[in-house]
Amino acid sequence: MLPTHLLTPCSMVRHLSSAKCLAVKVVHLRSVSSFQVLSNKQADFLSPVPLMSTLSLHFRKPFSSGSEHFISKDNSKAAQNKPVAFTDSDQCLLFDAPGVLISQLTFAESKAMADQKKCRLVYTHRNKDGLLCFQLQALWSSKTLAASKITPATNAETSPSRNKLQKSAVKEFRIHSKVGDNDFSVKLNKMKSLLLKGKQLKVHVAASSEAKNGKTALVLIKRFTEELGDVCQIKQDFANDKETCLTLIPKETVNQSETVNQTET
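Read in order, the letters of the sequence shown correspond to residues 80 to 344 in our numbering.
If you are wondering where the hints come from, they were derived from the structure by calculation, not from laboratory data. This structure is a prediction, so every number in the text was calculated from the model and none was measured. Think of the CB as a built atom: it goes at the ideal place given N, C-alpha and C, for glycine as much as any other residue. Misleading hints may appear alongside valid ones.
The list that follows gives simulated cross-link-like pairs (lysine-lysine, DSS-like), each with its CA atoms no further than 27 Å apart [unchecked claim]:
hint: 1; residue 1: Lys-271; residue 2: Lys-321
hint: 2; residue 1: Lys-266; residue 2: Lys-281
hint: 3; residue 1: Lys-276; residue 2: Lys-321
hint: 4; residue 1: Lys-278; residue 2: Lys-314
hint: 5; residue 1: Lys-330; residue 2: Lys-281
Computed spacing ranges between beta-carbons, pair by pair [unchecked claim]:
hint: 6; residue 1: Arg-199; residue 2: Lys-250; range: 49 to 57 Å
hint: 7; residue 1: Leu-218; residue 2: Lys-276; range: 45 to 53 Å
hint: 8; residue 1: Lys-276; residue 2: Ala-176; range: 46 to 54 Å
hint: 9; residue 1: Gly-178; residue 2: Lys-276; range: 18 to 26 Å
hint: 10; residue 1: Arg-199; residue 2: Glu-251; range: 53 to 61 Å
hint: 11; residue 1: Asp-169; residue 2: Lys-197; range: 21 to 29 Å
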């Protein structure tokens, strides 16, 4: 068998047909121009063509054209979804404010209906059928804007009492039997200040009836009566072996409630 570079084109073809090797595909992909034939003074031989060059020649152009096709297609879709201007003959789907379809009209008819209903014509999107979709939105006048900013009026009879209840939220205190005399005096002064402001207080006295230091629940409650009896009314909510709960109601509030009861009777 002769070396490949000494074969003539005819002998090369015979060699490929008999061997049935991969070179047949290369000859099929490449034209006769792929062979470089020397002049008569030189021996005829086949100029080998690199395989990578053959593949790049076959696939470079389709890939570039395909990418250009996809880019142009995407750009065309973007252009369709964002119309620059509308013509009077454009077919439109007109919706009301809640989004219910009114009718299919032309752009000119949609504008006329918006003017008739004193609404604004707002473009929303283009549907899958290529129709422009518009929505009617109410125009707000200066009176409407002013009315929308007005808060609902409160009941004159209930609002003061409601505000008073919010301001007079019950403040709670907890007094232990181990409390020192100085700390107890500080808390009593704070309670008195709140009672004078009309605040209702709830006091939890965590002391048993047999405290070792002598500060039993009865002793502490007596101290409350001596210090705060002139500004509040003391009511006992409940009592057990470990805790006594008191409610301190300002006398001003008590007097007001008594006056109301006398007026009603």
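Report task. Check each numbered hint from earlier against the structure, then list the numbers of those it violates in ascending order. Result -> Hints 3 and 9 are the ones this structure does not satisfy, whereas the remaining hints hold.
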